[in-house]
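Respectively, the protein sequence lines represent chains X and F. Number 407 in full-length UniProt numbering belongs to position 407 of the first sequence; there are no gaps in the numbering. Number 611 in full-length UniProt numbering belongs to position 611 of the second sequence; there are no gaps in the numbering.
The hints are simulated quantities; they were obtained by calculation from the structure and are not laboratory data. It is possible that some hints are incorrect.
The list treats identical chains as interchangeable, and a pair is accepted whether it falls inside one copy or across any two copies.
[Said to hold, decoys possible] No more than 20 Å apart at the CA atoms, straight line, and that leaves these computed lysine to any residue pairs for SDA-like:
#1 LYS495 with GLY545
#2 LYS437 with GLN625
#3 LYS596 with GLU18
#4 LYS88 with TRP23
#5 LYS73 with HIS653
#6 LYS548 with TYR420
#7 LYS462 with LEU125
#8 LYS633 with PRO650
#9 LYS551 with GLN360
#10 LYS633 with ALA7
#11 LYS311 with LEU146
#12 LYS638 with GLN55
Protein chains: 2
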Amino acid sequence: GMNPDLASERQTASFSVEKLTAWLDGGAEHTRIRRAVVEAIECDPVFSRENQYFQSQNERYEAAVRKAVHLQKKMHEMGWTEDGPEFKYIYRALSGDIAFLLHRIFMRSISVLGSKQQTAKWIPLATQYQLIGSYAQTELGHGTYLQGLETTAVFDITTQEFILNTPKISAMKWWPGDMGRSATHTVVFAQLYVHGKCYGVHPFIVQIRSLQDHSLCPGITAGDIGPKMNFEHVDNGYLMLQNVRVPRENMLNKFCEVQPDGTYARWGSQKINYFTMTTVRISLISDEAVIPLMKACTIAIRYSVVRRQSKLKPGEQEAKILDYQTQQEKLLPQLAAAYAFHFISNYLQELFDKVYREIQRKMFDTLPELHAFSSGFKAMVTQYCTSAVAICLQACGGHGYSLLSGLPSLYTKIVASCIYEGENTILLLQTARFLIKCFMAASTGQPVPPSVTYLAAVKPGKCPAKNKLDFLSPDVYTEAYQHMAARLISSTAAKLQDLIQSGVKKTDAWNQCTVQLVQAAKAHCHYITVKNFAETVEKLETKAGIQKIMKHLCDLFALHGIFSNGGVFLHDGYVSGAQMDMVTASYLDLLAVIRKDAVPLVDAFDFTDKSLNSALGSYDGQVYQRLYEWAQKSPTNKQMSPAYERYLKPLLHNTLSKL
Amino acid sequence: GMNPDLASERQTASFSVEKLTAWLDGGAEHTRIRRAVVEAIECDPVFSRENQYFQSQNERYEAAVRKAVHLQKKMHEMGWTEDGPEFKYIYRALSGDIAFLLHRIFMRSISVLGSKQQTAKWIPLATQYQLIGSYAQTELGHGTYLQGLETTAVFDITTQEFILNTPKISAMKWWPGDMGRSATHTVVFAQLYVHGKCYGVHPFIVQIRSLQDHSLCPGITAGDIGPKMNFEHVDNGYLMLQNVRVPRENMLNKFCEVQPDGTYARWGSQKINYFTMTTVRISLISDEAVIPLMKACTIAIRYSVVRRQSKLKPGEQEAKILDYQTQQEKLLPQLAAAYAFHFISNYLQELFDKVYREIQRKMFDTLPELHAFSSGFKAMVTQYCTSAVAICLQACGGHGYSLLSGLPSLYTKIVASCIYEGENTILLLQTARFLIKCFMAASTGQPVPPSVTYLAAVKPGKCPAKNKLDFLSPDVYTEAYQHMAARLISSTAAKLQDLIQSGVKKTDAWNQCTVQLVQAAKAHCHYITVKNFAETVEKLETKAGIQKIMKHLCDLFALHGIFSNGGVFLHDGYVSGAQMDMVTASYLDLLAVIRKDAVPLVDAFDFTDKSLNSALGSYDGQVYQRLYEWAQKSPTNKQMSPAYERYLKPLLHNTLSKL
């Protein structure tokens, strides 16, 4: 049965959930395809995540391998192809619990960096899983700073081979997925030496395990790096190389080559490499940050209308916890953020498509902008969503802390997104570098990309709002964000200039500004997110039923940001203290408005119960029943613990006489 | 060997680490005792946590039971008693990984709520572990709001028994520790009914498992609630009661009783019950929040001087990551907070001791203040420390995400402290209620406790600082915090009054102010923390070597708070934009100053390698070697996964011909 408290929330929706879902998917046709994929995956028992919360690291790895192998069959069966419209929904439907994602990176790196011959040789084998690939870049001692990698590959002209070595422990490859237990091959990034000269980091295809019995190849030491906060299904591995020889042909040589006589030749543009990184960052924003946050909001909001606790008014029934202002203030801004970031993810995808079309016409001008934005938004969105999921978890009290709520695993997984594919602080500093450059260019009248032209017009001013309703005007708050971002960028640029002019070395000056540079980069991304949300709502004019609630969410996202970061808006008096009180009043009013539609707003994300895998978040709201049923399946309830016989029985056995 | 980068950090300490440790411990004698306890625990293999990160929930539970049973023997052996000076260090030395903490609460509740006869009967049995107790308060449907509990206990006059029942699923007891698998008895909180009349929640001793074979007693359904984000060593349990009968004597009856004829009698003050809750909250601040944060800082800061990444200046060696301003800004404020909260924990302990002495003289006047403060500080400190540990984890990049770093388990454990012993938002609202009351009293000239007299003197004003050095004056920043806290409390009180005067019902008005009330309560606690830190530093005058660095930390804690919460200081113009720039400048300067002493400052916490249980945080800094050695012990490296035979071999077996 349906929990009546949850049911009643759905009867008063101010809009059509189905229409909102279709719009979020980019059209009803996409919704149909997505649902078909989800249905096909979820009805197949191999893909079940039912026991996930009870499994050991070994069991989760095995299940993930099984799923990966089975998926190939399934795709064939269903007629899904990598170019088909279904493909992008498969990963979402699996909730990521699948092996061989690094095998895919292995393939992509060969496609991008390998010659035609290399591609022809390796890709068909990899496609058929006749080898399992991995991607061995990160070392124990080096992550984001690739130039620092210490693995070596020395060219031996007599045998026409590269000799790969791990010269010291910090050079050991560490973290590559699919490498700890699965991979037979991997792309190893190593410093290339020819005739004693170092040519920098290059990729080499190296076999690490026997194709006959999976034993380690000579000179290879490899294994699993052990337990992590999540990702138990992935065999992140280590790899040590001792005089491992690979033929000359195994260096990926689309852009450069060591010729038989030891001559090093390089050609073509490597700019396209940036592009691969950019692709990954843009796609992970949605898959690894926004979707998990949408799930966390769905779970926490549904639970918050089922859970009743304490009384708002004496004599009344206990209140739904979502009726408390403090609970609304925890959850509803996260809900608004999930929408905001969904739209920014679309925005980046469009920007990406545009740049991609240009690149195909050999135009690389917009690549730096795309790179700077994908870096900054990757960092800003993953960080925000990580905090937001933590808030959702804590907002569910004790039950949120049970793995069965689904929230702990969402958190422990999303937190990794702040680190992988570029550590967030480093990424934000890349964005900041781009912004400072644009600011300098703009202030000397040089042309800058359209998204940063606002930097040319930094000027003092005052927010024109006269009352709290004025802060529900997108022009008013977007302008405030723009002013704030521009001020932070320009004042940091000024500090940087001052330091350099006072004789501080450029590199030191940069380091002394990095805290403020990071803040400025975040401010820019926050501004663009607000602006894009407002523009998205505006374009919705024909779908009035949805537009109204989207406008509320946009207002909430914007005002929550001003309320929570008051200092940067008040700093130069652009927003006054009295205006900040108006912001607060409008912000708190909005909570009560959006609260009414909170459940329909998460329903519209259209997650199935299986994909949420949460005792708290199911569509029917049978929270307590499900917690009880699921707990009974725990291995802790399968047998009497040996602890009883060993430790408790000896103590308890002569109590009876005394009671 | 010692990592040279870490060694060099210790040669330039501006103070004596040993002296700082002794001072933090409250004297060298305490340090000696603490170290002796730690030594005795750590040299005993039963207490080893070496395999903790590889263990299943079943294994961790078993180890925790074994430790609890062994501890009794150990204490006897060592001559440690519950009243002795060693006792308070045992839990710290065990790092909390021990069973039967709820057994201790079972005993405490009988001591506090039971009559002399009840105490005489049950306490000796419990002390000898001749029964295992638990404490069954929380239900599936009710946590902090105790009045809402749904379990019933109906008095049957004919048999002189209480009949206990779980009338619906939400009434099932859920979460009690030691109950899922261990307990033979528990204190059940249930609504008492006599002759059809409800007398509210009362405690009953109920046997749930046989003392002969540990099977469940008739009418009892019980088990383990399954996997959680942490606390795998605890068997948090569920309990359903079906017509379970206990004799009349099993209701704890120090304060009230059901007499044989069904007459309900109540006597004595129950105020002392508050006091028990207060004790627990105060002790958990140190044990469950501050110490874990100190550990996280130790791990992250040591790692940040071993880890080198990228170059600050071209041509130089790669830089220690702690030399980057952004890394300093992540970690050093958390270090300062660990010190600040250590001192506030001492402050609360002193306040507690004072109140305790008064209570023994039957004076209860200061109890509300202690209750309000212990609630507010429990909430503020656990929340702050939870965020701080998350920052430490993320600041260690990928390796922080490995369980072997020790950071994930610190996080997943500390996050629970925001929920248990009172959910933080509810606690802050209790503090706020007290503050509003005091504010009202103060503004009408009535007397208020000394800690809140500042509320009487809310007035407009301006911060007198003229340059960035002025912000290193404790008077200047303490005054700013005081002004800010008083303003937030008074403006929220005004909003509340306005709403009520405009006709909004009191309860609705309160709800509409709760977001701001929470903010005001936090502001008050933040102010007291800064003030107490400054006073602690001032009292240190005779120990100049330590005072200087403590002053820096105090300044950092205070200025970080202003920098991060600029809005509330700028709001009414008390701090101007120009002054905020001074704060920022002084704050960033301090990072570079404290960075030099960062390692000695964490060394002074005096954690052994075993207690940190971290591959990143050991004293010798052999980070990479230890990660590698520990990973090899993982069960994932003990055998070839069955996944190979089952799923990979069939795919790979005919690749050979093609390569």
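Hint check results:
When the C-alpha separation of LYS495 and GLY545 is checked against a cutoff of 20 Å, the pair qualifies neither within a copy, at 48 Å, nor between copies, at 35 Å. Taking identical chains as interchangeable, the C-alpha atoms of LYS437 and GLN625 are never at most 20 Å apart, the minima being 58 Å within one chain and 42 Å between chains. Taking the closest pair of Cα atoms, LYS596 and GLU18 come within 20 Å of each other only inside a single copy of the chain (17 Å); across copies the shortest separation is 59 Å, beyond that limit. Proximity of LYS88 to TRP23 under the C-alpha cut-off of 20 Å is restricted to the intra-copy arrangement: shortest distance 17 Å within a copy versus 60 Å between copies.
Within a single copy, LYS73 and HIS653 get their C-alpha atoms only as close as 57 Å, which misses the 20 Å cut-off; across copies the closest is 18 Å, which meets it. Taking the shortest Cα distances, LYS548 and TYR420 never come within 20 Å of each other, neither inside one copy (37 Å) nor across copies (40 Å). For the identical chains of this complex, LYS462 and LEU125 are neighbours neither inside a copy (64 Å) nor across copies (73 Å), given an alpha-carbon limit of 20 Å. For the identical chains of this complex, LYS633 and PRO650 are neighbours neither inside a copy (29 Å) nor across copies (33 Å), given an alpha-carbon limit of 20 Å.
With identical chains, the CA atoms of LYS551 and GLN360 are never at most 20 Å apart, being 37 Å at best within one copy and 60 Å at best between copies. Taking identical chains as interchangeable, the C-alpha atoms of LYS633 and ALA7 are never at most 20 Å apart, the minima being 28 Å within one chain and 51 Å between chains. Taking CA atoms no more than 20 Å apart as the test, LYS311 paired with LEU146 passes between copies only; the shortest distance there is 12 Å, against 57 Å inside one copy. For the identical chains of this complex, LYS638 and GLN55 are neighbours both inside a copy (14 Å) and across copies (17 Å), given an alpha-carbon limit of 20 Å.
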